[in-house]
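Protein sequences, first through last, are from chains A and B. Each residue of the first sequence is one higher than the last, beginning at 1 in the numbering used here. Each residue of the second sequence is one higher than the last, beginning at 1001 in the numbering used here.
Read the hints as simulated data drawn from the structure, not as lab findings. Careful, some of the hints might be misleading.
Calculated cross-link-like contacts (lysine to aspartate or glutamate; reagent style EDC-like; alpha-carbon spacing at most 20 Å) [claimed, not checked]:
| # | chain 1 | residue 1 | chain 2 | residue 2 |
| --- | --- | --- | --- | --- |
| 1 | A | Lys211 | A | Asp195 |
| 2 | A | Lys250 | A | Asp183 |
| 3 | A | Lys118 | A | Asp180 |
| 4 | A | Lys112 | A | Asp226 |
| 5 | B | Lys1086 | B | Asp1227 |
| 6 | B | Lys1176 | A | Asp226 |
| 7 | A | Lys242 | A | Glu179 |
| 8 | B | Lys1230 | B | Glu1059 |
| 9 | A | Lys250 | B | Asp1170 |
| 10 | B | Lys1113 | B | Asp1170 |
| 11 | B | Lys1113 | A | Asp183 |
| 12 | A | Lys112 | A | Asp52 |
| 13 | A | Lys112 | A | Glu169 |
| 14 | A | Lys237 | B | Glu1059 |
| 15 | A | Lys250 | B | Asp1115 |
| 16 | A | Lys242 | B | Asp1117 |
| 17 | A | Lys237 | B | Asp1117 |
| 18 | A | Lys242 | B | Asp1115 |
| 19 | A | Lys59 | B | Asp1115 |
| 20 | A | Lys118 | A | Asp52 |
| 21 | A | Lys71 | A | Asp95 |
| 22 | A | Lys59 | B | Glu1059 |
| 23 | B | Lys1176 | A | Glu235 |
| 24 | A | Lys217 | B | Asp1165 |
| 25 | A | Lys59 | B | Asp1117 |
| 26 | A | Lys242 | A | Asp192 |
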Amino acid sequence: MKYLPLIWKNVWRRKFRTVFTMLVVMVAFLLFGVLMAVRMAFTFGIEVAGVDRLMMLHKVGFLMLLPEAYKTQLQSMPGVQLATHQTWFGGIYQDPTNFFAQMAVEPEAYLKAYPEFKVTPEHMKAWMDDRRGVLVGVDLMKRFNWQVGQRIPINATIWQPRGGGLTWEFNIAGTYTGEDAVDKTQFLFRYDYFDENRRGAQGQVGWYVVKIDDPAKAAEMSRAIDNQFANSSAETKTATEKQFVQSFAKQVGDIGTIMVAIATAVLFNMLLVAASTMTRAIRERTSELAVLKTLGFANGTILGLVLLESMFVVLVGGGIGLGFAWLIVQGGDPTNGMLPIFALPPRDLALGVGLMIALGLLAGLLPAVGAMRLRITDALRRS
Amino acid sequence: MRWITQTIAVMALNLRTIPARLGSSSVAVVGIAGVVVVFVSVLSIAAGFAGAMRSSGSESRALIMRTGADSEMTSGFGGAEVDVIKQAPGIRRDGQTALAAAELYVILDLQRKGDPDSSSNVPLRGIEPVSMRLRDEVSLVAGRMLEFGTNEVIVGQGASRQFADTGVGDTIRSGKNVWNVVGIFEADGGVAESEVWGDARTLQGAYQRGNSYQTVLARLETTASFDTFKNWLTSNPQVNVQIRRESEYYAGQSQQMTTLIQTIGYGIAFLMGIGAIFGAILTMYTAVASRSREIATLRALGFNTWSVVISVLGESLALGALGGTIGGLAAYVGFNGYQASTMNWQTFSQVAFAFRVTPELLITGLVYSLAMGLLGGLLPAIRAARLPISSALREL
Chain A
1 MKYLPLIWKN
11 VWRRKFRTVF
21 TMLVVMVAFL
31 LFGVLMAVRM
41 AFTFGIEVAG
51 VDRLMMLHKV
61 GFLMLLPEAY
71 KTQLQSMPGV
81 QLATHQTWFG
91 GIYQDPTNFF
101 AQMAVEPEAY
111 LKAYPEFKVT
121 PEHMKAWMDD
131 RRGVLVGVDL
141 MKRFNWQVGQ
151 RIPINATIWQ
161 PRGGGLTWEF
171 NIAGTYTGED
181 AVDKTQFLFR
191 YDYFDENRRG
201 AQGQVGWYVV
211 KIDDPAKAAE
221 MSRAIDNQFA
231 NSSAETKTAT
241 EKQFVQSFAK
251 QVGDIGTIMV
261 AIATAVLFNM
271 LLVAASTMTR
281 AIRERTSELA
291 VLKTLGFANG
301 TILGLVLLES
311 MFVVLVGGGI
321 GLGFAWLIVQ
331 GGDPTNGMLP
341 IFALPPRDLA
351 LGVGLMIALG
361 LLAGLLPAVG
371 AMRLRITDAL
381 RRS
Chain B
1001 MRWITQTIAV
1011 MALNLRTIPA
1021 RLGSSSVAVV
1031 GIAGVVVVFV
1041 SVLSIAAGFA
1051 GAMRSSGSES
1061 RALIMRTGAD
1071 SEMTSGFGGA
1081 EVDVIKQAPG
1091 IRRDGQTALA
1101 AAELYVILDL
1111 QRKGDPDSSS
1121 NVPLRGIEPV
1131 SMRLRDEVSL
1141 VAGRMLEFGT
1151 NEVIVGQGAS
1161 RQFADTGVGD
1171 TIRSGKNVWN
1181 VVGIFEADGG
1191 VAESEVWGDA
1201 RTLQGAYQRG
1211 NSYQTVLARL
1221 ETTASFDTFK
1231 NWLTSNPQVN
1241 VQIRRESEYY
1251 AGQSQQMTTL
1261 IQTIGYGIAF
1271 LMGIGAIFGA
1281 ILTMYTAVAS
1291 RSREIATLRA
1301 LGFNTWSVVI
1311 SVLGESLALG
1321 ALGGTIGGLA
1331 AYVGFNGYQA
1341 STMNWQTFSQ
1351 VAFAFRVTPE
1361 LLITGLVYSL
1371 AMGLLGGLLP
1381 AIRAARLPIS
1391 SALREL
């Protein structure tokens, strides 16, 4: 502790350089935070994809509809806890570029299948009481500044209303929330209302979510389900939700991976630049370190002093940068709905701090060890 | 005049001494080059995707969809409506046949090559014989044209490159349907190259579509006859349609993906740019600091302050230009023409495209790098100019 003033003095001996080194480190970690959020966004929530949930789609492709009647058959199968269906609505709110997921669901079964969606009992009751009611994710509420109780007009693209025209109207009955990696941008309305009021295709649904008792038997169950509907009018293709999300992410494709890869490479390059500047700042002072050694400072103490100094620069700069990244990410998805899961989880923050410590060590260790090994006379003579 | 020669002299001195300060100069160059690599390569993704979409649509063709539909996937017509549409004025006619094709758009579930567990949505377009005559840009590169009335299909070369069982002679299985691939076609790099084409009537049967279609694509008499065509159809009570030029339709389809890539690309490049400016400031500061005695000497000899300022700025601009050139070249070599595919957000189907490092992108990258160099040099230049001569001479 008594060395703190010495370290403090050393840090600020060239104010301009220290400040700008800190700024470079700050930007690097700001970038790191944003990149982690982007990377996570491109996985589309695979981390929270339930291992005990199966997705059952029409074998031919996701556009084809399945009969509502499959539900009873699914539920009577051994090993199946719950089966519920969802139907993609794909409507437009105000402008075609306002993308978000709208789905017709069975409210109670849906929330049982997705326990990570948190809804208050009042909101749930309101949703059950209003046939036009819709449950909206908190991120989506924030994006459009919606209020509970508001009426939302959605223009149909696939499902035209029976009454004519294109517009469906829904009332926001409540909101749901969830952890960082949960998609909080969905717009969920009631299947019963939807089915009665759509023009045609009654009793046809998009896909099924099947909750099973034992996640270890997922592959077996998927096969059993597909066999059940083999040779029927609508054959199915079942896989775990994880595989489904993975395949979606894969289709969005290399783009996310490539962007993150390029930026990560450059980020590391930036960190090396910062490290080399800091290293140079210490090398300049080799003779000073030799003086300290002459005065009787132990090798370990000198090493500690140098390391603490570089740590200080990195932690202050990096900490501020990561803080800014966190603030930016709080602003939510910057792409108008295409990356619904945009968050910086604590795990990535911890990774960032780990990276800072590594950088501090890297920048300080080499010159410090070099200085320690130097013979005092050589070092003093060098200047 | 005098200060110009002075400036040139100082600048030449600066540039000649760069090798002596190689370490710190390379920090700035590498930093700026990195930013330009990210900037150019990420935006080349957007340019490639938008380019593929743009070359898909022609101004002289109109795409007719059901009112409210936002993509071919969500549109739908009965056969009767199609007949009405085909009679509309403004369509180019070849003898008795109107150059307008009713088409079907379904999605196949295909595996990527070498990845049997994957599943990708690939559009299967049902075409009519006239469809080929509508699209001049489409031509076969292998095999032969499909025979209408059979389950033969032709595959776009982008799709054929990426998905398993899509070569000539292969069969695509989809549910109970089997499609025989007989040809591969190209379409000037457009979206059609990511599609599979089969006979619309065969598809209607295979996918229980009755006598229904999804869209009608019409070749206009001239680009200007669009309005006649549109007005006639929209005021006709027998049909419920919306009409867009094909070029506008595809521009709209690419918008979301382009926005996504550009938001992230510009965002990341902006942040990195700030970092690189700080890096350049550090470099130039070090350069000025290590030569403060030299600079003071020059000024003591009567060199103009402005010459010193401009020479420092010149050096940092040179470093910026060098970084920008290296970055642009690296991005070009590494990414131009890189084949990738992504999802069209409107139809959730795959679009194959190639990254495009365009001259505009390279120039923007270079301008960006010069701006970084300029901003990076500004503070140190002012510092150099304001260095008190006497104390600087005493330094060291």
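*Would you check the hint for Lys112 (chain A) and Asp226 (chain A), treating anything up to 20 Å between C-alpha atoms as holding?*
The given pair, whose Cα atoms are some 23 Å apart, is violated under the 20 Å limit.
*Are Lys242 (chain A) and Asp1115 (chain B) close enough, with their CA atoms no more than 20 Å apart?*
Holds, because 17 Å separates the two Cα atoms, which is no more than 20 Å.
*Hey, Lys112 (chain A) versus Asp52 (chain A), does the alpha-carbon distance stay inside 20 Å?*
12 Å, holds
*asked:* Checking one constraint from the list: CA of Lys250 (chain A) to CA of Asp1115 (chain B), max 20 Å. Satisfied?
replied: 11 Å, holds
*Are the Cα atoms of Lys242 (chain A) and Asp1117 (chain B) separated by 20 Å or less?*
Roughly 13 Å between the alpha carbons, so the hint for Lys242 (chain A) and Asp1117 (chain B) holds.
*Under the criterion that the straight-line Cα-Cα distance not exceed 20 Å, is the pair Lys118 (chain A), Asp52 (chain A) satisfied?*
18 Å, holds
_For Lys237 (chain A) and Asp1117 (chain B), compute the direct alpha-carbon distance and say whether it is at most 20 Å._
12 Å, holds
_Please verify whether Lys71 (chain A) and Asp95 (chain A) have alpha carbons no more than 20 Å apart._
35 Å, violated
*Measure nothing beyond the straight line between the CA atoms of Lys118 (chain A) and Asp180 (chain A); if it is 20 Å or shorter, mark the hint as holding.*
This hinted pair holds, its Cα atoms lying about 12 Å apart.
_Pair hint Lys1086 (chain B) and Asp1227 (chain B), alpha-carbon separation not exceeding 20 Å_ = Distance ~16 Å between Lys1086 (chain B) and Asp1227 (chain B) Cα, so the pair holds.
_Given pair status - Glu179 (chain A), Lys242 (chain A), alpha carbons within 20 Å_ = 17 Å, holds
*Measure nothing beyond the straight line between the CA atoms of Lys1113 (chain B) and Asp1170 (chain B); if it is 20 Å or shorter, mark the hint as holding.*
Roughly 13 Å separates the two Cα atoms, so the pair holds.
Checked against the numbered hints given earlier, the structure breaks hints 1, 4, 9, 11, 13, 14, 21, 22, 24, 26 and satisfies all the rest.
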